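Student: Listed below, chain by chain, are the residues.
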Amino acid sequence: MSLLTALARAQAVEAGRAQPLTTVRHTYLSDRPLVLVPLALAGEAAAPLAAMVGDDEAAPTTLIVNNPRDRTQRFSFVAELAGIVLSYVNRRTRTVEPNPASRGTKMRYADAPQLLVPNAGGLEFIRLLGRSTRFRRTYGQFAVHRSVPQLGQWLTFFRDRADHAGSAMLLALTEVLAAHWATGQSNLEDASLAALLGWIDPAEGLDGPRAAALAEDPLLWPPAGPSTDPSFDNEILAPALTSGNPRSLETALRSQLEPTWGLMWRAVRLLRALPEGASVPVRWAADRDVFTAYQASIMDGAALPQPRVDSAVAAAGRLDRLEREQARYDAQRALDDPLVMAEFRLAGEAFAGTVVAADPKRRDTSGKRPVLRPHITVETSDPVQLDPGMTFVSPARPAQTATVVEVDLPLVVLELAGGMGRKLTADEGSIPGLGEAVTYGPATDAYQPPGRLPSRDATPWTHGGPPAEYVPSDTDAGEEWS
Amino acid sequence: MDRLVERLDRLRGPVAPRNHNARTIAALTSNPGCARRGVLDAAGVNKGEIARHLGFPSGYGQSRFAIGRGNAFEAQVKADGCADLLHLLRERLGLSIPEVAYADLSTVGGNASREVRYARTRSLLARAAGDHDDAGTMFDHPMLRLEIAGYYAYLEPDLIAFRAGGRFYVVEIKSFPVIDGQADPAKVAAAARQAAVYVLAMRRLLAELGHPGDVVADEVVLVCPENFANRPTASLVDVRRQLSVLERQLGRITRLEAVLDALPETMTLDPAQPAGDVATSVRAIDASYTPDCLGTCEMAYFCRDECHGSTRALGRGVHDDLGGVDSVDTVLGLARGTRTPGVGQEEIASLLRFAHQLREECLS
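In order, the protein sequences belong to chains A and B.
Here the first sequence is numbered in our numbering, starting from 1 and rising by one per residue.
Here the second sequence is numbered in our numbering, starting from 483 and rising by one per residue.
Check each hint, because a few of them may be wrong.
Residues from chain A that keep clear of chain B, each with C-beta distances beyond 12 Å, as calculated [to be verified]:
| no. | residue |
| --- | --- |
| 1 | 47 |
| 2 | 232 |
| 3 | 462 |
Ranges between beta-carbon positions, derived for each pair [to be verified]:
| no. | chain 1 | residue 1 | chain 2 | residue 2 | range |
| --- | --- | --- | --- | --- | --- |
| 4 | A | 258 | B | 517 | 54 to 62 Å |
| 5 | A | 308 | B | 572 | 54 to 62 Å |
| 6 | B | 534 | A | 262 | 28 to 36 Å |
Please keep in mind that the hints were generated in silico from the structure rather than gathered at the bench.
The structure presented is a predicted model; accordingly, all values stated were derived computationally and were not measured.
Just so you know, even glycine gets a beta-carbon here, dropped at the ideal spot from N, CA and C.
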C-alpha cells in the first residue's frame, strides 16, 4: 500500500469505477492457462467437494465427490484431478528451444504450465491438497494410484513458485487484478472475485458500487471457493448429499461453480487486453527454466524431497532468495511502467528531470587504461533523498548505470557507465543529451550478494543443530485423511 | 450502577436482553474504539435484528458441516471420561495429573437451570481449590458467569477445566486443524480471545472465594485435530495479552455512562419503532467502522453504508496512507489543489498534489 494507490482508491470512490494502477500488464498470461475452481467441505482440513477445471472456457471438466468423507472417493477425485493436471503439464513439454543463458540447461521448454485459481483461499487449497497427497505410496498397505503422489509433488511445486515475486506458474486472480486496478472498496472486500470484477468491469447499466453490492448476495454470486456459502451448505448441499442422488448433487454444485468459472475467464480476458510489460517475457523465461529443471529432476527420479517443514538453513536461504527476487521484480516493473516508477519517485527512490549540463567526453583515467565515464547534470523537482554512490538506471537506457557523484538540489550530477559502445567516445544517442527529459529509477540487476549461510551440516545449535536427514516413512504414506 | 442499568434497559426497549457468550464478549475487544458497538452490546441489544430492521441484514451463519465436525471432534476428545485428552495432557504437555475423576456439570440432578449449574460449579471448584493436593478432577461443561455492565452473562464453555500443580487450566477444544505444527493464525487468535474470557470468568469466581487470581493459569490448553486426521493434538497458548485487553474493555463499559449522557434521555432502539427512528437513534451513537467489522459485527453493513465517502471505509492502511484525512472529497480536493489545506494538513497536501500530478502524467 502506498500513497499513490491510496489516492487511486479515493479516485475510484469518486468515479464509481476501478482506477488503473499500472499502464501495462506485469504478469505473464498463458494462451492456455489451466483454470481451477476448487470447493471444499466446510469444517474439514482439506476435503475436496468439487472442482471445475480446464484450459478451455467452453469445455470445463466438473469433478464431484459424492461422499466427501469417504477416503476412497476422495482419492479417486484426486486421481481424476491428477489426470487433468498431469496431462496439462505434459502438453507443455512438447517443444523445446535453446536456452541462451549461460547457466542452467542447454535446452529449455518453450512453454510452461500456468495454473489460475480464484483467490488466496485457492492457493491454500493447493498447498493443503499437495501436502495431503505427496507422501502417499503406490505400493504396500495404503497404496494409491500412482498419479496421486505425482499430483502432490506438482501442486507443492506450484504452490512454492507462487511465493516467488514475478513467477506466473500459479496465480490467484484476485491478487493479479488487485495489483493492476484500485477499487473504491477495502482490500478485504477485494478478496471477493465477483466484487472486484464488479468494480473493474461492471455489467451493463451498473456502476462499481452497485455491482459490488450485488456481488455480496451469495444467491447471485456464490463465493469463489474453496469455502461454500453456509446457507447453501445447510439448505441445498446437505439434503443433496443425504439424498444419495448424484444428479441433484451435481446440479447443486454446478450452480456454485459455474458463476465463478465465468468470472475467471472474464478476468483473464480483461488482463489480456492490457499491453504486456517489457520484462514479462524475461520473467516467464525464468519460470520456464525452473519448470524445465523440475520436470527433468522428476524424470530422472532425482527430484528433491519436499519435507513437511524446511530445515533452518533451507528456510533462511529461501527467504533470502525471495527477498532478492522481490527487489528485482519491483525494479523491473518500475522500468517497464511509468506509473510504478511514480511510486518510487513519490518515495524519493527515483527521480525525473531535465539534463542541464553534460560532459559526454569525460574519461576516468585513474585505472591502467582510461575509460569513458560521461557526467551529466540533471535538474529535478522531485523530493529525492540521494547520496553519492547510489546507482540508478533509466527506463530509456536500461543497459546503462548512473552513479550519483554530487547532489546539490535541484541539481544532481551522475556518472554514466555501460551501454555506450566500445570506443572511447560514446555512440550517437547512447547518452542523454542537453535538454532531454530523463527518469532514473532503481537498478534492476544491481548485484546483491546472496546471504552467506552455513551448510546444512553446520547448522548452529541456536537453530537446532544439523537436522536429521528426511526419510519418507510408512506413517507419511498411511497418514489418515478424514 | 443501577442508573446505568436502567438507562441501558430503556435504550434496549421492552425486549429481553440478548445473552452474551464467550464469542460476543471476545468481540468486545476486537474494535475497542467503537462506542456504538460498546453501547449496543452493553445494553444487550440484538444487533442482528436491528440491522435487519434497518435494511442491512448480515449474512451470518455457520455451515452445518462445520458444526457437525466440531461436535464430533469434541465428543471424540471427551469420550470415555476424556481418555484422549488425559493422554495428551500427560504425554504432550508433561503435566503430572494423578488418577482422575470426571465431573459433568451440564446438568445437576436433571436440573439444567443456569443458576443451579453455576452454584454447583462454584461449590465444586471451591472444594478443588481448597484441596492441598490436586483433586484430579476434570470438570466438563462448567457454568461460569461474568458481569457485563450490571448483567451476568452466563458462559457455557465447551471446555474442561482441571487442576495440575496447584493451578487450574482451561481447555479449549477447536476443530480447525494443526498441520505440521501450524494452524491458521486468525483461528488461533480467535480461540485465544475466547479462552481468555473463560480464564477471566474462572478467576473472578475463585477471587470471590478468596483465592488469588493466578490460581487459574494464564496459559490455556488448545486441543485441535492434527494434520488431516481426527486425532487430537494439544498445545499451550499464552493468553496474557488477551486477558489484559479484555479486562480493560470490561472496565471501560462502565465508562459508557459518558457516552450515554450525551444521548437524548428518551432514546430507544426498540425494534418495534419505525426503521427511520431507529436509524436516527443508532446514528446518534458514534461508530468507528473498519472493514474488519464485516467479519465480526452484525451492524457492519449499516456502518459501512453510513461511512460511504470516508477514507475509513477503504481500510486502516489507506486511511493512514492518506495522512488520516477523513473524507474522500477532501483528499481529492487537496490532490487537485482546489482545496486549501487545513492546519496540520500542509505536508500530506503537498504529497497528494505530487501524487496526483504523477498519476495525471502517466495516465494522460
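Student: Which of the listed hints are broken here?
Tutor: Result: hints 1, 2, 4 and 5 break, sorted rising.
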